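J.: Take a look at the letters that make up each chain.
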Amino acid sequence: MTSTTSAAGASAVESAAATPAFHITGLEVSFRTRERTVTPLRGLDLDVPRGQFLCILGPSGQGKSTLLRVMAGLQPPTAGEVLAEGRAVTGPDANLGMVFQQDAIPQWLRVRDNVSFGPRMRGVPASEWGPRVDHFIEAVGLAGRERAWPKELSGGMRKRVAIAAVFANDPDILLMDEPFGSLDYFTRAALHETLLKLWAETAKTTVFVTHDVDEAIKLADRIIVVTDGRVGLDVSVDFDRPRGDELRMDPRADELRQGLLEVLQAPARMQS
Amino acid sequence: MRGSRRARAAVTRGRVLSLRTRGTVRSVLIGTAVALVLWEVAARILAATTAQGDRVLPSLTKVATDGFLGLGHYYKGGLGVSVATAGGDGSALASTLALVENAGVTLMRVGVGLVLAIALGIVLGLLVAAVRPVRLSVSGVSEVLRMLPALAMAPLFTIWFGATSLASVVFVVFSVAFIVLLATSNAVANLRPEVTEYPRTLGVRGVRLWTRVVLPAILPEIRGPLVFGGIVAWASVLASEMYGLQEGLGYMLNDTLRFSIIERMVVVAVVFSALALLTMKLLGALVDAVTRWRP
Chain A
1 MTSTTSAAGA
11 SAVESAAATP
21 AFHITGLEVS
31 FRTRERTVTP
41 LRGLDLDVPR
51 GQFLCILGPS
61 GQGKSTLLRV
71 MAGLQPPTAG
81 EVLAEGRAVT
91 GPDANLGMVF
101 QQDAIPQWLR
111 VRDNVSFGPR
121 MRGVPASEWG
131 PRVDHFIEAV
141 GLAGRERAWP
151 KELSGGMRKR
161 VAIAAVFAND
171 PDILLMDEPF
181 GSLDYFTRAA
191 LHETLLKLWA
201 ETAKTTVFVT
211 HDVDEAIKLA
221 DRIIVVTDGR
231 VGLDVSVDFD
241 RPRGDELRMD
251 PRADELRQGL
261 LEVLQAPARM
271 QS
Chain B
1001 MRGSRRARAA
1011 VTRGRVLSLR
1021 TRGTVRSVLI
1031 GTAVALVLWE
1041 VAARILAATT
1051 AQGDRVLPSL
1061 TKVATDGFLG
1071 LGHYYKGGLG
1081 VSVATAGGDG
1091 SALASTLALV
1101 ENAGVTLMRV
1111 GVGLVLAIAL
1121 GIVLGLLVAA
1131 VRPVRLSVSG
1141 VSEVLRMLPA
1151 LAMAPLFTIW
1161 FGATSLASVV
1171 FVVFSVAFIV
1181 LLATSNAVAN
1191 LRPEVTEYPR
1201 TLGVRGVRLW
1211 TRVVLPAILP
1221 EIRGPLVFGG
1231 IVAWASVLAS
1241 EMYGLQEGLG
1251 YMLNDTLRFS
1261 IIERMVVVAV
1271 VFSALALLTM
1281 KLLGALVDAV
1291 TRWRP
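First to last, the sequence lines map onto chains A and B. Those letters in the first sequence? Residues 1 to 272, per the working numbering, in order. Those letters in the second sequence? Residues 1001 to 1295, per the working numbering, in order.
Keep in mind the hints are simulated off the structure, nothing from the lab. Take these hints with a grain of salt, some might be off.
To be verified - Residues from chain B that keep clear of chain A, each with C-beta distances beyond 12 angstroms, as calculated:
#1 Leu1038
#2 Thr1196
#3 Thr1201
#4 Leu1215
#5 Pro1220
#6 Thr1291
#7 Pro1295
What the hints assert, rightly or not - Computed beta-carbon distance windows for the label pairs:
#8 B:Asp1288 to A:Thr78: 24 to 32 angstroms
#9 B:Leu1275 to A:Glu193: 43 to 51 angstroms
#10 A:Arg122 to B:Leu1282: 20 to 28 angstroms
#11 A:Gly130 to B:Arg1294: 49 to 57 angstroms
#12 B:Arg1132 to A:Ala18: 57 to 65 angstroms
#13 A:Ser182 to B:Arg1294: 41 to 49 angstroms
#14 B:Leu1282 to A:Gly123: 53 to 61 angstroms
#15 B:Asp1288 to A:Ser182: 49 to 57 angstroms
#16 B:Arg1132 to A:Pro59: 30 to 38 angstroms
Claimed, not checked - Quick partial rundown of chain B residues pointing at chain A, CB under 10 angstroms, derived from the structure:
#17 Arg1146
#18 Ala1189
#19 Arg1192
#20 Pro1193
#21 Val1195
#22 Arg1200
#23 Trp1210
#24 Val1213
#25 Arg1292
#26 Arg1294
Note that the structure is predicted; figures quoted are calculated from it, not measured. Glycine included, every Cβ here is placed at the ideal spot set by N, Cα and C.
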């Protein structure tokens, strides 16, 4: 026992810089619904290096949101190990920030109170969070709307509040669950710009779940597809940033898009 | 011609289809006027056709004169005016003082009871929602207790606490806290998961999650039950004041009924209803004020 601990300690010191943002091995998750047991993830292994922008792609019902919720500590795994920054994930944590698909920001807090909500609730002194909060409100383009209620904002602007809030809370890891799924094309494109700008600025490890191939290609360093409860496809995306519309014409991007679509359509074909 | 106009009217009405159930000021005034006229007509008919009609259903004039002035009888000299000066039975001053004094007593009982009941109901409701053993042990009991005819329990509280204000207040708390408790725990159960999950991912936890997230989030949903609780508080205080207490609108109401002085009873009942309505509106406005943020 003692020797194990010291060995682990030694290796931790040795590889402090190399500790991945996520180290997931043998992850299994099953739910009991009324009729049957569903096992969306079975034996999934995944390592996410620090600073990476990872997109988890897949059609709905393939467990990609479940995987993200496990990473956020919102869903306890049935079996397997999930380490974030070298520590076991046992529940939600301020270091594991999340942007939800739904409108999840508290409706009863004005924009600035919403963005500062995390640090305030964790007892961070105002002198510390004040400048950061103002900076991220500015960065997402909500300067001047600090006193607005969420109900007075559009859906896209409420997403901006959620993004500013999670950055202001300063987690090492940012998890996003189809955050822009319900937005129109232009709003979504604008939010991509904002997100990439903040990602470049803060270098946070980002895990982004989407069902949109183009969105994944535009954002990701690496794309994985979850199929049959495992990482079915794992590709790195090394196009130069910033990625604009020219990516639509790029033959390599087109090849990647075709490949991804083919993998994505496979389970759908099986179902129908 | 007439047919086409009616059709057009229907279309117009259809376009602005609204499921409005609350009255406008005008509709309330008209409704009240119609009710008063019907009452007066019925009273006149009864008075003309039966010997004792005016005692069973007094005319509005009798309510406004004999009914109101007779309330001076209930003035006990609590507002700095001596009973002798006030004039007693038949004096407008004494009648007004009697109404103010007794309404004040009842209002105090309702107010204290309501505040305690809402505080207790919300705290217990959140506890029920938060702590599984509490939920399991309380939910069954509260479901059974809810089926009790609460108003019939009023004498029990007089037996326990005597014919005192305390009995009234505790009884109000007993009947209203249940409503608030059940509404609170139900509202928590109905919250969308992300409402609490998002703050948890920000690192909000423990008691703060309940006081700073869950509580504000459920306020819009418990608005209705809170307003309803206001009405129940008045019904409860009335029931409790009927048993042995010697002050309050409920006592007056009971006493007038005991001697079948309907014209006096009507005056007390009108004051009672007005205060109950006011409480309801006030509670609603209060919740609206703290939920200005709701979409």
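J.: Of the hints stated earlier, which fail here?
T.: Numbers 2, 3, 4, 5, 6, 7, 8, 9, 10, 11, 12, 13, 14, 15, 17, 18 and 23 - these are the hints that the structure violates, sorted from lowest upward.
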